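A.B. asks: The primary structure of each chain is shown beneath.
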Amino acid sequence: QQQVKQSPQSLIVQKGGISIINCAYENTAFDYFPWYQQFPGKGPALLIAIRPDVSEKKEGRFTISFNKSAKQFSLHIMDSQPGDSATYFCAASPGGTASKLTFGTGTRLQVTL
Amino acid sequence: EPEVTQTPSHQVTQMGQEVILRCVPISNHLYFYWYRQILGQKVEFLVSFYNNEISEKSEIFDDQFSVERPDGSNFTLKIRSTKLEDSAMYFCASRIYGYTFGSGTRLTVV
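If you read the protein sequences in the order shown, they are chains R and U.
Position 1 of the first sequence, counted from 1, bears residue number 1 in the numbering used here, the numbering being contiguous throughout.
Here the numbering used here runs 1000 ahead of the position in the second sequence, where the first position is 1.
The set of hints was computed from the structure by calculation and includes no laboratory data.
As the structure is a prediction and not an experimental result, all values here were calculated from the model.
Every residue gets a Cβ at the ideal spot worked out from N, C-alpha and C, and that includes glycine.
Please note that the accuracy of each hint is not assured.
[Claimed, not checked] Quick list of simulated restraints, FRET-style, between CB atoms: (1) LYS68(R) / ILE1020(U): 38 to 46 Å; (2) LEU1084(U) / PRO40(R): 36 to 44 Å; (3) SER65(R) / GLY1098(U): 31 to 39 Å; (4) PRO40(R) / GLU1059(U): 44 to 52 Å; (5) GLU1059(U) / LYS5(R): 26 to 34 Å; (6) VAL1024(U) / ARG51(R): 28 to 36 Å; (7) THR112(R) / ASN1052(U): 44 to 52 Å; (8) GLY1098(U) / HIS76(R): 32 to 40 Å; (9) GLN81(R) / GLN1017(U): 21 to 29 Å; (10) ALA45(R) / PRO1008(U): 40 to 48 Å; (11) THR112(R) / VAL1024(U): 21 to 29 Å; (12) GLN14(R) / GLY1072(U): 47 to 55 Å; (13) GLU1053(U) / ALA29(R): 38 to 46 Å.
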């Protein structure tokens, strides 16, 4: 019940295309859903996050869509660029003081020219 | 932009040896964490630390692991007797609202 399932495992998108990564969760106590971008040899860096009281959040080329009833959320990267090539992790955490993150299994995105 | 600093960036140790991984969290953050990532796998929670005590720990965080905040700035993870399967990237993170992760320490146990 603590798992966050992420797909696809890898994704190849042409420059200028839309990258879409999906995640699903079971634990209804989760109330914070961030996406992290990770480059090789670096730590995860927060990209964008959403709480379940909204269905969509947009920051620049990055959009999270959230479907509370389906317990699913997705990351859309518009106008994908080669510099977006990285591993993307969705995550979720419950409310509360400690709020540990449960990560998805990651999606390796490659944006080709 | 404030950073979480981890040292060393890479540590090689012999099986059975003790290692201490060091972190300097962001100064006004209140919550501190260790996560690990085995090569090519997802990031896994180890332990959270708040108000000078452990808030939560995972099943990975057994008696071989300990954390300490010995002064106002450092946050350490100690592994008493390392095993081969402890080889991973270890990430420190701190939080006041959103998380900030450090760049990690790559621990290689040989």
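A.B. asks: Honestly, which of those hints from before does the structure not fit?
C.D. replies: 2, 3, 4, 5, 8, 9, 10, 11, 13
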